[in-house]
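Just so we're aligned, residue -1 is where the sequence shown starts under the working numbering, counting upward by one.
FYI, nobody ran anything at the bench for these hints, they're computed from the structure. Predicted model, so just to flag it, every value in this text is computed and none were measured. A virtual CB, placed ideally from N, CA and C, is assigned to each residue, including glycine. A portion of the hints provided could be inaccurate.
As the list claims (entries may be wrong) - Label pairs and their computed distance ranges (CB to CB):
# : residue 1 : residue 2 : range
1 : Glu14     : Thr132    : 44 to 50 Å
2 : Asn118    : Asp24     : 24 to 30 Å
3 : Pro161    : Asp202    : 17 to 23 Å
4 : Arg113    : Gly162    : 25 to 31 Å
5 : Thr205    : His20     : 28 to 34 Å
6 : Arg62     : Ile215    : 33 to 39 Å
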Amino acid sequence: MASVQRTLGAAPGSLEARLRHHVIRDTSALLTLHDLYPAPGEHVPLTSWSAYPATALMLTEHVRELPAGSTVLELGSGATTVWMALASRRRGGDVRIVSLEASPDFAEVTRTAVRRNGVNDLVDLRVAALDAVTTKHGEQQWYEAPSWNDVSGIGLLVVDGPPGGTGPHARYPAVELLADRLAPGAIVVIDDADRDDEKAMLADWLTLDRDGRHPEILEVRENATALRMP
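Take these sequences, add in the hints, and give me the full structure.
What follows is the structure, given as structure tokens:
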């Protein structure tokens, strides 16, 4: 049986098969990203904790569908910051990206990539220290209010921070603090949506009520889930 599997390919569901799936998926998404948004500078830096290329591709698709003059608020900067800005550039640069980053060192890495890819005029990258906030989960660490208090009418919210190691339900405060700042019909993308805390947060987003209407799931792509607000 093993020899047959080696001949025909990895057994379905095996570790080898899953790894092959991930490699094919990520390579395909990266090729598509580079075809759609040729980067004028160095390749966008990827790390082991970056969003999957498939997620980055999904985000660029949503950026291209936003109304003119929209704002993207990204919680946690990185490769997706650059790709979304390149998508904005392709449509004429009428979508701005505001990105909050708790780590000054990582913010500098992102800032360098943004500059080298010629989209620094479209990205407002803000170093946002984590501060104590009180939610239904008690006291949590989340981005300090001065870093986002001036942002409203958000057309796309990308929830990819703070890091999960910050504490239980680390990303939940976005539900309580940002829901009223979303534009009607806004898209919320939750990365790492396959983790238990993010599953609970997704359930909280889905219970939000706007005149008797609730958010709906638009798509699930790998480990990211996109919602549309009413």
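Hint check:
no., hint, verdict
1, Glu14 <-> Thr132: 44 to 50 Å, "holds, 47 Å"
2, Asn118 <-> Asp24: 24 to 30 Å, "holds, 27 Å"
3, Pro161 <-> Asp202: 17 to 23 Å, "holds, 19 Å"
4, Arg113 <-> Gly162: 25 to 31 Å, "holds, 29 Å"
5, Thr205 <-> His20: 28 to 34 Å, "holds, 32 Å"
6, Arg62 <-> Ile215: 33 to 39 Å, "violated, 20 Å"
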